[in-house]
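Enquirer: Listed below are the residues making up each chain.
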Amino acid sequence: MEVDGIPNVRVCKERVKPGINVVRQMGKGDLSLLADRAKEKFSTFSLSTSPQEVDIVVVGGGPAGLSATIKAGELGAKVILIDNNWKLGGQLVKQTHKFFGSQRHYAGIRGVEIAELLLKKVKALPTVDIWLESDVVGFYEDRILGVLRNRKELVALRPQGIILATGARENMLAFPGNTLPGVYGAGACQTLMNEYLVRPGTSALIVGAGNVGLILAYQFLQAGIEVKAIVEAQSKVGGYYVHLAKVNRLGVPVLLKTTIMRALGKEKVEGAVVVSLDEEFKPLEGSEREFSVDLIALAVGLTPSAELCWQAGCGMNYIPELGGYVPWHNENMETTIKGVYVAGDLSGIEEASTAILEGELAGVHCAYSLGLGDEKENEEKIASLKNELALFRQGPSSWHILKGKAKMLKKTLEQKEFIYPPPPEVKSTKKRYILLECPQPIPCNPCEKVCPRGSIKIGDDINALPYFIPDLCNGCGICVSSCPGLAIFLVEEIDENISKITIPWEQKLLPEGTRVEVLDSKGKYLGIGEIVKIRTFPDRTSVVTLKVNSLIVKNVRGFREKRLDDPIICRCNEIRKSEILEAIRSGASDINTLKGIVDCCTGLCQGKTCQSLVLKILSEELKCNIEELATVTARPPSLPFRLGEEFRRES
Amino acid sequence: MQKIDVAVIGGGVGSAIAYYLALKGIDVVLLEKEAFLGRTTRACAGAVRAQFSDPTSIMVGKESIKILADFQKKEDIKFTQGGYLLLAHSSELAKSFKENIKLQRSFGLEVEEVTSLDINKMIPGLPASEYLLATFCPFDGQANPFLVLDFYRRNILNYGGKIWFKSEVTRLFRDGGHFIIEINQKQRIKAEVVVNAAGPWAREIAKMVGIEVPSYPERHEIIVTERVAPLFEPMIVEFSDENGCYLQQKLDGSFVICASLPTVPNKINFIPSFKFIQEIRRRATRLVPVLGYLTIVRHWAGHYIMTPDGKPIVGATPLPGFYLAVGLCGHGFMFSPMLGKLMAELITTGRTSLDISSWIFKRDYSIPEILK
Chain A
41 MEVDGIPNVR VCKERVKPGI NVVRQMGKGD LSLLADRAKE KFSTFSLSTS
91 PQEVDIVVVG GGPAGLSATI KAGELGAKVI LIDNNWKLGG QLVKQTHKFF
141 GSQRHYAGIR GVEIAELLLK KVKALPTVDI WLESDVVGFY EDRILGVLRN
191 RKELVALRPQ GIILATGARE NMLAFPGNTL PGVYGAGACQ TLMNEYLVRP
241 GTSALIVGAG NVGLILAYQF LQAGIEVKAI VEAQSKVGGY YVHLAKVNRL
291 GVPVLLKTTI MRALGKEKVE GAVVVSLDEE FKPLEGSERE FSVDLIALAV
341 GLTPSAELCW QAGCGMNYIP ELGGYVPWHN ENMETTIKGV YVAGDLSGIE
391 EASTAILEGE LAGVHCAYSL GLGDEKENEE KIASLKNELA LFRQGPSSWH
441 ILKGKAKMLK KTLEQKEFIY PPPPEVKSTK KRYILLECPQ PIPCNPCEKV
491 CPRGSIKIGD DINALPYFIP DLCNGCGICV SSCPGLAIFL VEEIDENISK
541 ITIPWEQKLL PEGTRVEVLD SKGKYLGIGE IVKIRTFPDR TSVVTLKVNS
591 LIVKNVRGFR EKRLDDPIIC RCNEIRKSEI LEAIRSGASD INTLKGIVDC
641 CTGLCQGKTC QSLVLKILSE ELKCNIEELA TVTARPPSLP FRLGEEFRRE
691 S
Chain B
284 MQKIDVAVIG GGVGSAIAYY LALKGIDVVL LEKEAFLGRT TRACAGAVRA
334 QFSDPTSIMV GKESIKILAD FQKKEDIKFT QGGYLLLAHS SELAKSFKEN
384 IKLQRSFGLE VEEVTSLDIN KMIPGLPASE YLLATFCPFD GQANPFLVLD
434 FYRRNILNYG GKIWFKSEVT RLFRDGGHFI IEINQKQRIK AEVVVNAAGP
484 WAREIAKMVG IEVPSYPERH EIIVTERVAP LFEPMIVEFS DENGCYLQQK
534 LDGSFVICAS LPTVPNKINF IPSFKFIQEI RRRATRLVPV LGYLTIVRHW
584 AGHYIMTPDG KPIVGATPLP GFYLAVGLCG HGFMFSPMLG KLMAELITTG
634 RTSLDISSWI FKRDYSIPEI LK
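Protein chains in written order, with the numbering used here: chain A, 41 to 691; chain B, 284 to 655.
It is possible that some hints are incorrect.
[What the hints assert, rightly or not] In silico BS3-like cross-links for lysine-lysine, where the CA-CA straight-line distance does not exceed 25 Å:
(1) K562/A <-> K594/A
(2) K489/A <-> K471/A
(3) K308/A <-> K53/A
(4) K68/A <-> K449/B
(5) K404/B <-> K81/A
(6) K489/A <-> K548/A
(7) K533/B <-> K307/B
(8) K378/A <-> K550/B
(9) K467/A <-> K489/A
(10) K118/A <-> K53/A
(11) K404/B <-> K68/A
(12) K404/B <-> K79/A
(13) K449/B <-> K316/B
(14) K79/A <-> K316/B
(15) K118/A <-> K489/A
(16) K533/B <-> K68/A
(17) K447/A <-> K426/A
Simulated from the structure, these hints should not be mistaken for lab results.
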């Protein structure tokens, strides 16, 4: 793009100013038009000055860099913290979901709020200098960091200690149409939505079902963007179960062993074609499906941003478990170059909680190596941070990290068996109890910490599964709003007809007293319920109590407005017209396929009521006569009968 | 032990030598210590010229350009003749330019003196009035070093030559009538003839057979910018210590911008310096202000292999069968086409079709070349 006549501007990094002139650039930029302006503008370069000396430079103001700065600053080190954004926080500032992890390390707090907490600490430190909108352009000879300060002044820094916390960048995928406007990285979507309140589209396909893809789907829904599907090439979801459950209950399908084949559209994205993959990740012919979307979001992993490490001459190792090339580092986060430390995603793609711990470790060790702080206290801090990291990583979701780090250190790692037996079902006569949908060991423990009665137990291993002790629970429901994974539901059995369930809710709210359709864990219609109470907590997770039929109460995970204008077609399975239309529009063209996809005409009546309706919808939608559609398969029995029918009569 | 007629050490200039030897049907192996050809050549600016003050350089430069033009007829090596514009800031330099023009014209080069008006027609914004004299030779130009190296690589193999990558010469000695070359401290081969074209490492190679070559590496740095529409064709060269800089727009639209900053000590050093970035910004925008709008996309360091008199060391040595093509003083890429041809002639016939005796190893190194 051309901005104010200057070609090749990356507009996504350009600040908007009044009167700014942004033009789509055609072909290569023409400098000859700028010749007159240039003479004056570029006549003021100063001659080289000697580099500025400083104790420590921290590159990158995300969770790792901020934490490193805090720890080094607390020990009295003169620190310059450099970030190329206009505010600190790194990726935290676009994370609107609550973080997992240990209660001591910001678990249950939203990323954006963690950034604020860290920032407050940094700003309170007198020896820390913050350079924003400043790029570290190179790690040069003689250990000089070249910095383009405020995008204006090119300065040289010669720090004694260097902590690189440059994070990671998103991976791209190769498919035709991948440069069409409307194809975004997940991070870009989050920046637009969560930082600038701009919707990147109206209807999305997400590629990749790791945590980033799942979280993004959830945030899309919060922003009012429809999510048609999440496609995932692997045969299982890579992200956490709780993240998956959050989007499943909002009706987002995850298509496994499926990937994007191409983006459709001329000027911008108008659709996407996805395809199923075989065991060798080769496309299965004939399995193409088309989605009508204007947004394709790629969430296919991250690669450490290791340029400065390469330039510094750090030893580098290619470790797929850690995200690609990572700088070799010891357990103090120091690289092969003395005094050069790494932390966070740069040292291996992981998560904010460990980035914070790694940053703290690098910060303490770096300052300590410059002779700052009390020896005993420093040693204690270092030991305790290492211990915390180890505790955090002892679960199965961190196994690849341990494997990767062992590979890097050329250490052998003993194969570990992760045994987390599901908690036994405790019989209780209590009428008020919680449902814990947390079957996957992940490092997270806020539920245990918030329960005032100690009725949820996790124990020392933060990865262990939570365990509910009904007799200790008084049914206060504080855990419902505190669980970062939105995986706790409070049931109150009233009588055999009516019961209540209290669920966490971060989507659109409806007023108390509203009659709503209640939905199950897959976003499917369960029945009708009523919102009886809404409580909204300071952390912005609402807790909604619904009154529903006692038979379905335990299955309720969400709700939506009653769709009065959307008639039920299949009465047995309660399939609505919109669901059938959606399936037809995504490629189903005969009744047998529809049966398979939307589960219509497969109920007790065997289609006697709805088959003709469905055929009519098909013919209308596909603009053809009913007899042109593929024929109906009518399988026995023609009337349903019970297996034990004969036997019962005899007796 | 494998026996080979000619072993060429170093895949920069050595690629051209091996190419011409292979063309003659000689059993040649090119030993390259990296996984790719020409570590030093790859780092060069990719410009070619014949505007020199040394007659041999003029001739070799001119013939090399002709050869590159021939290559370009066979395949696209991004060769074009956009000329070289040399700027003289001092009366001393202006005086030698005037003498050079005479000399260069005597070799058939159409070198012109250009006025400041003409300069500004050619280059927008250049502070032409600060220069006492400028010369322009439209014969000079550019080619892409990567494509030229790849041209050599494919043709060496096509003509039956061999290239051994990741093959560092760790020992070299004479044994009876031939040389024994040890590669990677393991394998050994026998060769009748050895050509030392090892660039910054040539001095060490020569030492292995007891020959002291007075060449030394001098680090030079380059930046390359993003691509823009064609702005001007010539390579511009400013020679002064304070503002010295040379830059050229490539056919892909990017600008390659270099400067010779003093580096001490003279040793192999591939690490770019921050000082260079600070300096090059000032120097480049002083010459062509509008370049200030361009984004730097890469910055690297390579080496000029210098000699005390600024002239290459090429040809036979007192040790029979041991040849040198070293110390090319930053002109390895631009001289290599003709040097390859001449070296192949020398090795196979003992004579060269063009007189390069002034570059012989045994010479008086105290008379310096001016247009380095």
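Enquirer: Hint by hint, say whether it matches the structure.
Expert: Now the hints, each set against the structure:
1. K562/A <-> K594/A: Between K562/A and K594/A the Cα gap is close to 14 Å, so the pair holds against 25 Å.
2. K489/A <-> K471/A: Answer holds: K489/A to K471/A is near 24 Å, not above 25 Å.
3. K308/A <-> K53/A: 21 Å, holds
4. K68/A <-> K449/B: It is violated: about 39 Å lies between the C-alpha atoms, which goes past 25 Å.
5. K404/B <-> K81/A: 21 Å, holds
6. K489/A <-> K548/A: 28 Å, violated
7. K533/B <-> K307/B: 33 Å, violated
8. K378/A <-> K550/B: 23 Å, holds
9. K467/A <-> K489/A: 24 Å, holds
10. K118/A <-> K53/A: Since the Cα atoms of K118/A and K53/A sit roughly 29 Å apart, the hinted pair is violated (cutoff 25 Å).
11. K404/B <-> K68/A: 22 Å, holds
12. K404/B <-> K79/A: 16 Å, holds
13. K449/B <-> K316/B: It holds: about 4 Å lies between the C-alpha atoms, which stays within 25 Å.
14. K79/A <-> K316/B: 46 Å, violated
15. K118/A <-> K489/A: Since the Cα atoms of K118/A and K489/A sit roughly 37 Å apart, the hinted pair is violated (cutoff 25 Å).
16. K533/B <-> K68/A: Status holds; Cα separation ~13 Å.
17. K447/A <-> K426/A: 19 Å, holds
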